[in-house]
Every structure is written in C-alpha cells, then in structure tokens.
Amino acid sequence: MSTEAHGRKMTYVRLGNSGLKVSRLILGLMSYGNKQWGEWVLEEEEGIKHIKT
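If you count the sequence shown from 1, position 40 lands on 69 in this note's numbering, and the numbers rise without skipping.
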C-alpha cells in the first residue's frame, strides 16, 4: 500500500499483528529525537540533516 504527495511515493507496512499501518520511513527513525530517551539518540538538528540527505 502506498500514497503519493508532491510527486513522491510513501510506502506503508503493517506493524506486526497490531493492525496498525506505518510508513517505512518512520520505522527507520527511532534513533532520532532527544538524548533524554537514550545516549544513542541523535538530536533533532542532526537528525534533520540525515533525513534531508
């Protein structure tokens, strides 16, 4: 399943047996956010650089 916006295609997958549909992109972003969540988390500014490249 996928949707298209601004000429770009976003693919979605089911999250296990939960019935939830999540984008493939979000599954790869768990390490971005706030260092308070964990030492391995990249802060927002650095994360945005990664996403844009």
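One thing to keep in mind: the hints can contain errors.
[To be verified] Here are the simulated PhoX-like pairs of lysine-lysine, each with C-alpha atoms no more than 20 Å apart in a straight line:
1) LYS50 x LYS38
2) LYS50 x LYS64
3) LYS38 x LYS81
[Stated by the list, open to error] Each pair of labels, with its calculated beta carbon distance range:
4) GLU72 x GLY48: 29 to 35 Å
5) GLN65 x ARG37: 20 to 26 Å
6) ASN46 x GLY76: 17 to 23 Å
7) THR82 x ASN46: 16 to 22 Å
8) MET39 x TRP69: 23 to 29 Å
If you are wondering where the hints come from, they were derived from the structure by calculation, not from laboratory data.
As the structure is a prediction and not an experimental result, all values here were calculated from the model.
Where a beta carbon is used, it is the ideal one built from N, C-alpha and C, also for glycine.
**Message:** The hint says 16 to 22 Å between THR82 and ASN46; measuring C-beta to C-beta, is that right?
**Reply:** 34 Å, violated
| query | Are the Cα positions of LYS50 and LYS38 separated by 20 Å at most? | reply | This hinted pair holds, its Cα atoms lying about 15 Å apart.
- [ ] For the pair we were handed, LYS38 and LYS81, check the Cα-Cα distance against 20 Å.
- [x] Holds, at roughly 16 Å.
- Hint check for TRP69 and MET39 - Cβ pair distance inside 23 to 29 Å: 26 Å, holds
Supplied distance hint 20 to 26 Å, evaluated on CB atoms of GLN65 and ARG37
Between GLN65 and ARG37, where Cβ atoms are some 32 Å apart, the hint is violated.
Hint check for GLY76 and ASN46 - Cβ pair distance inside 17 to 23 Å: 29 Å, violated
Report task. For GLU72 and GLY48, compare the CB-CB distance with the range 29 to 35 Å and indicate the outcome. Result -> 33 Å, holds
**Request:** Take a quick look at whether LYS50 and LYS64 sit within 20 Å of each other, Cα to Cα.
**Result:** 27 Å, violated
Hint violations for this structure: numbers 2, 5, 6, 7, all remaining hints satisfied.
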